[in-house]
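Protein chains in written order, with the working numbering: chain A, 1 to 120; chain B, 1 to 172.
Just so you know, the hints here were simulated from the structure itself, not pulled from any lab data. Hints are supplied without guarantee of correctness; some may be wrong.
[To be verified] Capping the alpha-carbon separation at 35 Å, the derived lysine-lysine pairs in DSBU-like fashion look like this:
(1) A/40 / A/61
(2) A/40 / B/111
(3) B/111 / A/91
Just so it is clear, the structure is predicted and the values come from calculations on it, not from any experiment.
Listed below, chain by chain, are the residues.
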Amino acid sequence: MGRVVLLLLAMAGIASIAYWIQPYVERGPTLCLFHVLTGKPCPTCGMTRATCALAHGEWAKAIRYHPLVVPFWMALVAMLWTHFVLPLSEKTERWRGLSLWAFLAVVGAGLLMRMVEWLR
Amino acid sequence: MGYYVIAHDGNRYGPADIETLQQWVREGRVAPNTTLEDEFTGTQVRASLLPELSHLFPATPPPPTDAARQPPPMPRSAGTPSGEATAALVFGILGLICCPVFSIASLILGKQEMNRIDQGMSAVEGRGLAQAGYILGIVSLVIWVLVITVWMLAFGTMWHEASRSQPPFSPR
Numbered sequence: 001m002g003r004v005v006l007l008l009l010a011m012a013g014i015a016s017i018a019y020w021i022q023p024y025v026e027r028g029p030t031l032c033l034f035h036v037l038t039g040k041p042c043p044t045c046g047m048t049r050a051t052c053a054l055a056h057g058e059w060a061k062a063i064r065y066h067p068l069v070v071p072f073w074m075a076l077v078a079m080l081w082t083h084f085v086l087p088l089s090e091k092t093e094r095w096r097g098l099s100l101w102a103f104l105a106v107v108g109a110g111l112l113m114r115m116v117e118w119l120r
Numbered sequence: 001m002g003y004y005v006i007a008h009d010g011n012r013y014g015p016a017d018i019e020t021l022q023q024w025v026r027e028g029r030v031a032p033n034t035t036l037e038d039e040f041t042g043t044q045v046r047a048s049l050l051p052e053l054s055h056l057f058p059a060t061p062p063p064p065t066d067a068a069r070q071p072p073p074m075p076r077s078a079g080t081p082s083g084e085a086t087a088a089l090v091f092g093i094l095g096l097i098c099c100p101v102f103s104i105a106s107l108i109l110g111k112q113e114m115n116r117i118d119q120g121m122s123a124v125e126g127r128g129l130a131q132a133g134y135i136l137g138i139v140s141l142v143i144w145v146l147v148i149t150v151w152m153l154a155f156g157t158m159w160h161e162a163s164r165s166q167p168p169f170s171p172r
């Protein structure tokens with residue numbers, strides 16, 4: 001099976017699980033160890049709820065849970081694509097580096113966002 | 001399936017898969033008379049006799065070029081691990097303490113980085129970090145699946161019982 005198909009299947013699987021677990025995610029307690037230990041939300045706290053809302057097509061709700069949900073998933077899919085689908089060669093190295101930095105930038109932006117909340 | 005390239009100086013490089021070998025042939029790093037050794041069986045064969053490579057060699061051998069005299073890429077040693085190896089480990093840790101999405105990222109990054117190190121495209125010093133990220137990715141994914149399953153079973157049952165005990169409409 002081609003790697004493109006595998007990646008698409010994995011994404012479809014994640015979307016299906018997110019669709020299915022939404023009622024549990026929205027009502028249950030947090031599973032984030034960082035949040036449990038420190039009492040503060042981590043840079044990606046809210047991302048699971050936001051992803052579940054996205055899977056239901058509830059864009060506004062998703063962005064309310066985590067404003068960076070769309071760039072986060074775009075950067076993650078780009079990183080998985082460049083690291084899992086593209087062949088390993090010197091030509092594709094640049095794209096791998098770029099996608100990794102893009103993902104790190106989104107996570108960094110999430111961290112900055114949370115730091116503002118922590119300092120409030 | 002991969003092959004080790006036996007260089008003129010007697011050193012073995014690789015193992016390299018067929019695609020990489022074809023690239024080395026195109027770059028002139030592997031000549032028709034270069035000896036290849038099967039990764040698993042240890043059988044040695046001349047590069048020009050391998051069906052996957054034979055069509056890439058011209059009918060008459062060209063004069064040796066500078067590129068042909070270069071050995072195949074050796075494992076790169078930059079003294080410090082690459083950024084991707086470090087990222088794999090960091091994502092592995094974040095996968096354990098924050099969000100399962102990081103587990104997927106660390107698993108893919110770690111595996112890819114180990115492949116890059118094997119092919120001499122990244123610093124060998126990063127192997128430990130990449131391996132740690134890869135293993136952490138697998139471990140944290142398994143833990144997340146177990147935790148979410150138990151959590152759903154526990155709370156799903158509780159909510160189901162609560163919804164059954166309440167009247168459908170509460171009087172104002």
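Can you give the numbers of the hints that this structure goes against, from lowest to highest? Result: no hint breaks.
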